[in-house]
Amino acid sequence: MIKAFAAVAALLVMAACSSEQKVPEAGTSVTPGSIADFKQNVGDRVFFDTDMSNIREDGRGTLAKQAEWLKKYSNYPITIEGKCDERGTREYNLALGERRANAVRQYLVAQGIPADRVKTISYGKERPEVVGSDEGAWARNRVGITVLQ
Amino acid sequence: MARIDATMDAMKSFFSGALLFALALLPSVASAQRGSSVYIEDRMNQLQQTVTMLTGQVEQLQYQNQQLKQQLEKMQTDYDFRLDQIEKGKGGGPRPPGPAPTAPPPPAHGPTASAAPPAGGAQGEQLYHDAFKLLQDGDYAGAERAFKSFVQSNPRHPLAGNAQYWLGETYYARREYQQAMVAFAEGYKVYKTSPKGPDNLLKLGITLAVLNKKQEACAVFQRFNQDYPHATDLQKRRIDQERQKNGCG
Amino acid sequence: MMIPRRTVLLGAALAPLAAPMAARAQLTIDMTRPNFEPVPIAVVDFQGDAMGGQIAGVIRNDLQNSGLFRSIAPGSFIEQNLGANSAPRFPDWRNVGAQGLVVGSIASIGGNIKVDFRLWDVLKGDQATGLSFTSQPNNWRRLGHIIADAVYKRVTGEEGYFDTRVAYVSETGPLNNRTKRIAIMDQDGANNRYITDGSTIAITPRFSPTLQEIVYMAYGDRNTPPKVYLQNVDSNRRELMGNFPGMSFAPRFSPDGTKVAMSLSQDGRTNLYEMDVRGRGMRRLTNSPAIDTSPSYSNDGTQIVFNSDRGGSQQLYVMGAGGGGDRRISFGDGRYATPVWSPRGDYIAFTKIMGGSFGIGVMRPDGSGERLLSNGFLVEGPTWAPNGRVLMFFRQQPNSGGRAGSVTLHAIDITGRFERQVPTPTDASDPAWSPLIPQ
Chain A
1 MIKAFAAVAA LLVMAACSSE QKVPEAGTSV TPGSIADFKQ NVGDRVFFDT DMSNIREDGR
61 GTLAKQAEWL KKYSNYPITI EGKCDERGTR EYNLALGERR ANAVRQYLVA QGIPADRVKT
121 ISYGKERPEV VGSDEGAWAR NRVGITVLQ
Chain B
150 MARIDATMDA MKSFFSGALL FALALLPSVA SAQRGSSVYI EDRMNQLQQT VTMLTGQVEQ
210 LQYQNQQLKQ QLEKMQTDYD FRLDQIEKGK GGGPRPPGPA PTAPPPPAHG PTASAAPPAG
270 GAQGEQLYHD AFKLLQDGDY AGAERAFKSF VQSNPRHPLA GNAQYWLGET YYARREYQQA
330 MVAFAEGYKV YKTSPKGPDN LLKLGITLAV LNKKQEACAV FQRFNQDYPH ATDLQKRRID
390 QERQKNGCG
Chain C
399 MMIPRRTVLL GAALAPLAAP MAARAQLTID MTRPNFEPVP IAVVDFQGDA MGGQIAGVIR
459 NDLQNSGLFR SIAPGSFIEQ NLGANSAPRF PDWRNVGAQG LVVGSIASIG GNIKVDFRLW
519 DVLKGDQATG LSFTSQPNNW RRLGHIIADA VYKRVTGEEG YFDTRVAYVS ETGPLNNRTK
579 RIAIMDQDGA NNRYITDGST IAITPRFSPT LQEIVYMAYG DRNTPPKVYL QNVDSNRREL
639 MGNFPGMSFA PRFSPDGTKV AMSLSQDGRT NLYEMDVRGR GMRRLTNSPA IDTSPSYSND
699 GTQIVFNSDR GGSQQLYVMG AGGGGDRRIS FGDGRYATPV WSPRGDYIAF TKIMGGSFGI
759 GVMRPDGSGE RLLSNGFLVE GPTWAPNGRV LMFFRQQPNS GGRAGSVTLH AIDITGRFER
819 QVPTPTDASD PAWSPLIPQ
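For the protein sequence lines, the chains are A, B and C, in the order given.
For what it's worth, my numbering labels the leading residue of the first sequence as 1, then goes sequentially.
For what it's worth, my numbering labels the leading residue of the second sequence as 150, then goes sequentially.
For what it's worth, my numbering labels the leading residue of the third sequence as 399, then goes sequentially.
No lab work stands behind these hints: they were computed from the structure.
No false leads were slipped in.
With a cut-off of at most 20 Å between alpha-carbon atoms, the simulated PhoX-like pairs for lysine-lysine come out as follows:
no., chain 1, residue 1, chain 2, residue 2
1, B, Lys385, B, Lys341
2, B, Lys297, B, Lys282
3, A, Lys119, A, Lys72
4, A, Lys119, C, Lys625
5, B, Lys385, B, Lys223
6, B, Lys363, C, Lys551
Examples of chain B residues lying across from chain C (beta carbon under 8 Å, computed):
no., residue
7, Gln197
8, Thr201
9, Met202
10, Thr204
11, Gly205
12, Glu208
13, Tyr212
14, Gly398
The beta carbon of each residue, even a glycine, is placed where N, CA and C say it ideally should be.
Build out the structure end to end from the sequences listed, making use of the hints.
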């Protein structure tokens with residue numbers, strides 16, 4: 001038990017470190033506060049394990065950064081798109097995509113983003129991000145994407 | 150067994166109750182952990198996952214429990230029959246004849262039958278047991294004559310329904326399905342409320358199916374639940390099996 | 399194209415030509431028995447009109463595709479130009495190996511055509527059945543299907559399923575920007591037409607019992623969750639089924655067509671609801687924190703089988719049609735999805751996901767007797783023919799090199815013996831078989 005906690009703590013520290021290293025303008029040419037800035041310097045998506053909808057350790061850092069950025073630039077309406085790989089049935093995946101989008105939304109709201117600013121939409125397996133039938137493609141299609149307008 | 154079911158149901162509601170309780174606690178946790186709504190979110194998700202996992206396990210256990218119950222019931226019926234035979238000094242040998250592989254005939258005396266007062270007198274009862282002995286010995290023709298004469302001379306005897314049923318079995322065992330059908334139908338008609346009534350109707354359906362009268366057989370199976378709502382689970386399951394086997398709608 | 403209703407008139411049984419019909423013809427097949435041989439059948443071009451050959455073609459194709467018949471090539475026929483009004487030379491037909499012989503004659507009456515057809519039992523030398531129909535000439539395909547249904551019924555003892563339609567999702571374009579439109583076609587792939595315009599994704603169509611309407615799910619603009627729509631297939635007029643804040647999907651008609659069950663998602667939970675088609679009243683059927691979807695009414699409308707992950711993985715559950723009394727029925731290995739109750743009530747078909755592959759299977763409504771009929775990299779979404787003897791589903795090949803794998807419709811009989819691809823003009827998924835078209 002203690003070991004597990006230690007491992008989690010270590011991961012958190014690492015995530016914190018890496019985010020601190022990245023956030024300062026890494027010599028990018030995008031306008032701060034633009035959608036391109038959000039995508040390039042914050043990261044617009046988090047990934048999920050097969051059939052799961054809980055935010056993974058590696059997604060927490062991304063969502064924390066997203067929340068920071070979105071609080072700073074509060075004019076963007078937000079839609080979270082939830083998606084799934086093709087290894088499930090169509091209707092179930094629609095619901096699973098919704099559950100994933102909602103997990104991202106809840107996470108952002110918990111970080112202080114007003115709930116009425118964040119909508120969700122599920123694409124199930126109807127609009128994959130990557131075309132392919134291998135684990136690499138599937139892993140990138142189990143995704144929650146924070147889309148700004 | 151019913152107790153195990155009840156326990157599982159209790160477990161089920163306990164887990165959902167536990168979740169509600171935990172959720173109710175969350176506000177105070179939140180105030181204790183200032184600014185940690187992410188923490189609450191995580192805890193809720195974990196609890197949700199735990200409840201889901203437990204729900205799945207309870208479902209599996211209930212299913213296994215159900216399977217075991219069915220097996221046990223089958224064994225119980227078998228033991229009851231054997232013990233019954235031993236008590237009567239007949240040796241707990243295998244069951245009496247009949248088309249054993251497809252239709253193990255249920256025990257000769259249901260508990261109701263043996264408990265019934267011997268209204269037809271001890272002499273009638275002796276006749277019945279003699280006939281039954283012939284059946285057990287595999288002398289179907291002899292058993293046929295004996296059961297027939299028993300029913301004719303003791304039509305109102307508490308065992309008359311049983312005798313009529315076994316008369317049908319003597320034909321069935323010899324593949325004389327037409328006569329078996331007539332005997333079972335008679336048993337159903339005349340001794341509908343006898344302890345053997347449900348068996349009679351079940352066997353009538355099976356015989357009709359063997360005679361390739363599927364429609365009639367299905368109608369008989371259909372009738373069963375309505376006529377004998379309190380039949381044993383074993384009988385009901387057998388009806389279900391037969392309905393499926395014969396493609397009844 | 400309107401769905402022609404009441405345009406085919408069943409005149410009467412055709413009086414036998416030769417000796418009165420025998421009590422029990424030999425021309426029968428028990429399709430539930432393993433290893434039956436397909437019945438060799440000769441279908442002669444119908445006489446009296448040029449469309450006779452086309453009608454015969456429809457019949458041959460239907461019977462051959464069922465897997466229960468083997469259509470004998472017309473080129474090998476010995477007796478020529480045989481119509482419905484003369485007795486066949488049976489030895490000639492025995493010689494070409496036929497057991498069944500279908501003949502017909504077409505006559506023009508006013509603007510309509512009258513078609514007489516007979517099915518002969520070649521081995522017995524006797525008529526097995528004969529019927530007469532009147533119809534508008536442009537309904538010749540339906541006439542062919544109706545006659546094929548009559549032959550199928552006479553030989554198998556089961557209702558036919560050829561005079562039916564299939565709604566499905568037509569798919570074109572690259573996977574990450576795919577056009578998905580609802581289409582309707584005849585069961586054999588003819589008369590294909592589109593119901594939605596493809597401007598947004600539309601999926602999961604289902605027919606109403608009268609075939610006059612379909613329900614499906616479609617996306618709107620990019621920020622609005624997809625919703626369930628009801629659309630008239632003749633007028634193409636469509637309406638939203640209830641306006642809920644979240645996503646609504648997986649719609650299914652009740653057997654009497656008065657209600658539609660569907661899933662509603664909100665805050666990550668997905669539950670089942672039932673909507674009254676006329677009054678639009680809404681009733682909640684399930685209340686779980688999990689995903690409850692893919693409902694299917696039992697044939698008598700008293701129960702609903704559905705898909706839920708409340709126990710940690712997708713499994714099948716049955717409940718009363720008004721909700722409540724849920725019990726899990728699937729306990730095999732793997733995950734179970736998209737349950738569909740047979741129109742006969744005897745089976746529930748489903749998609750099964752085991753490790754790296756998918757399967758199409760059936761089980762009894764109590765969960766016993768599970769049997770897999772087909773499997774592959776991805777097979778999904780079984781739908782029943784109205785006679786409950788044939789299933790259609792879709793099969794997707796793996797994507798490779800950035801290109802989408804093909805997606806095709808397939809039909810299979812419930813013994814799992816005979817699978818064939820159903821032709822569609824584009825890639826196709828999500829088939830939904832209609833009831834028999836009202837005559």
